[in-house]
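Colleague: Chains as they are written, first to last, in our numbering: chain D, 3 to 251; chain R, 144 to 396; chain L, 35 to 232.
Worth double-checking, as some hints may not be accurate.
As the list claims (entries may be wrong) - Result set (DSSO-like, lysine-lysine): computed pairs, CA atoms no more than 27 Å apart in a straight line: (1) R:K309 <-> D:K186; (2) R:K311 <-> D:K70; (3) R:K209 <-> R:K150; (4) R:K309 <-> L:K221; (5) L:K227 <-> L:K161; (6) D:K212 <-> D:K5; (7) R:K284 <-> R:K377; (8) R:K241 <-> L:K192.
Simulated from the structure, these hints should not be mistaken for laboratory data.
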Amino acid sequence: MKKEIIQIQSLCYSYEDKDDVLKDVSITIKEGESVGVIGPNGAGKTTLFLLLCGILKPTRGSIRINGKEVIYKAFNRSVGYVFQNPDDQLFSPSVWDDIAFGPMNMALPGEQVTKRVERALDICNCKHLANRPSHHLSGGEKRMVAIASVLSMEPEIMIYDEPSASMDMRSRRNIINLIASNKKTNLIASHDMEFILETCQRVILIDSGKLIRDGQVSDIMGDFELMEKCGLEVPYSLINSKYPDSRTA
Amino acid sequence: MHIELDKYAHINSHVHHWDTRFKIVSLVGLIVGFSFINKIVLLPFILIISFLLVYFSRLPARYLMKRLEYIIPFLFLAVFLLSITSGGEILYSFKILKVYKEGLIIGSVIFIRSIASILIFFVLLETSPFLQTMKALQALKIPSKLTGLVFFTYRYIYVYLEELRKMKIALRLRGYNNNSVLHSLRTNSAIIGSLLLRSLEQAERICTAMVLRGYSGNVQESSRFSARASDYVKSLITLVIILVIIIIQKTMP
Amino acid sequence: MHISDGVLNGNIYITGYAITSLITAYTLKKVSEEDIPKISVVTSVFFVASLIHIKIGPTSVHLVLNGLVGILLGMAAFPSILIGLLLQAFIFGHGGITSLGVNAVIMGVPALIAHALFELRKLNPKKSFVLFLAFFCGGISIFFSSVLLSVFLILSEKEFETVAKIAVVSNIPIMIIEAIICLFVVKFLLRVKPQLLE
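Isolated chain D, as found in the complex (with noise of 0.2 Å):
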């Protein structure tokens, strides 16, 4: 049995002008799972997210991280979010700045700070455009810097906010192999559905701040009924799959 690395209970939270953005919504995630969360836009995945970061404060409800409580405003370097406009994540003068940020804000010695820029920039086939500044590179490009600035913080959670939105076919294949390669427990959300298909085996599916469904990618995803109710559509390669379970393998 692998360890169980988020513990989300009764979770519930409010905005002050919009209550019950999330109701009671339980989950929990084992290590090195990828999970899909999809819904509706505005069903409430990024204030799941915000919270799970510790940028939001649960109204009720605990969320459980590595068996602790997430501390509400404080760092936590087990997790770690990538923006889904990466325009809100980059800001140096140049590439490299951008991925060493988190890695020194961490406090770690100069060559660690060097070692695991590097291997961010390797993970994500960024190696060419260290020198770069961030504000010229191209939409997929500006994408695959984001995550890797994320990365360099190796965290054991990777959380993705619409990683596929307006990025073009190669891109998105790249942000797909990244993904899959990578054995870290991972949270996507998206409206992709063929992108959840390819790079997830779990899916939670919310819709106004409700946790529908909970399972199996295939089973959640090729149910017509709950896909339509929930304002999605099944991805085409369900439909005309036959044994749509050998895609996700």
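Assemble the complex: chain D is given as a structure, and chains R and L must be docked to it using the hints.
Modeller: Just chains R and L now, kept in the frame of chain D:
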């Protein structure tokens, strides 16, 4: 940072119904009038005028008090500094600390004047929707380049506030805390630089989009202000009050 | 570095408005209508940036950045600062409508000086010199602002003399911080988009 505007802009009161153009001119005139007052006997009167105006505007007093709370510490600091640094006659002394009469007096004058002025300003601010106030400034023949600047700037403040908010979250998630001053200066400079770059690139796109929609450099806002007799009356009363307090101030020994 | 309503004598507020009107009229002539969107977005960025707090020890200071506005916007810096202050007064509602003219002079004139000083980079386009100028402009504009503030205070009431001196001295740490920020931002822009500073 949460900015709340227009919370009480739609209450039904005589001040709310005052034409915004007339209101701006009259109330700013009143605040300017207040700043000429330095006779102590007149201070209660300007406070009363401002309280009356707040009363007529029907703005919730508790809300105004809460907003005043931000300003009062600064005013106290000013009074304190003035009363220990200037004047000749010592009222009270404690070791090296000496409280001077003249400093205390002028400090108190400034304190009351400021409270009265800021209350009037709150009334001006809270009794019309923000955009209407800006349009009224435009109707008051402020150069079109300036009003253009106001509207564009106002529009984009919210865009960049949101960007700054997100960038700050992203920083925190990568372990940033402003412990070391130099690191914090460098990080904040990079953020300001990034925002500047993005804004300038955005400005180019805004321009293209505007030119494509027929913009030729002049934002014409149709102003829909029309003054009624009551607007003239209200402004006239204010003008009389301003003149009376200034004349009393000038003729008093 | 703001003066609020009710602090100064009425004559000074009116003088402030007079000076501000003259400078605004002159500087606006140098601005073409097509540049309005560009100046506006930069103004809104500075508005937002002035909300950034820098923590020094137990206290924190917020940024003024008027030197940087001067460097980036040139003559347009003055109307930009005027609008920034107007919006600040109305959005935060901490007062500052009668003092708008005075505050615009306090913040805007040093921005124009910073612009003029930064022009000196044309004499010596070496990067280190440009960075030095940025550092100098960022700091000196805060110094000039605090001096102008003091002048207005003393002109209004002579009792303000000591308070005015305290204001100048207490701004020294801010001067240093603004100088460093200005240096870093210019360094950033030189690296990422040097055309902006040409």
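Colleague: Compare the structure with each hint and give your call.
Modeller: How the hints compare with the structure:
1. R:K309 <-> D:K186: holds, 25 Å
2. R:K311 <-> D:K70: Given that 27 Å is the threshold and the Cα spacing comes to 25 Å, the pair holds.
3. R:K209 <-> R:K150: Answer holds: R:K209 to R:K150 is near 14 Å, not above 27 Å.
4. R:K309 <-> L:K221: holds, 24 Å
5. L:K227 <-> L:K161: holds, 14 Å
6. D:K212 <-> D:K5: holds, 25 Å
7. R:K284 <-> R:K377: Cα-Cα ~21 Å, so holds.
8. R:K241 <-> L:K192: Within the cut-off at roughly 18 Å; holds.
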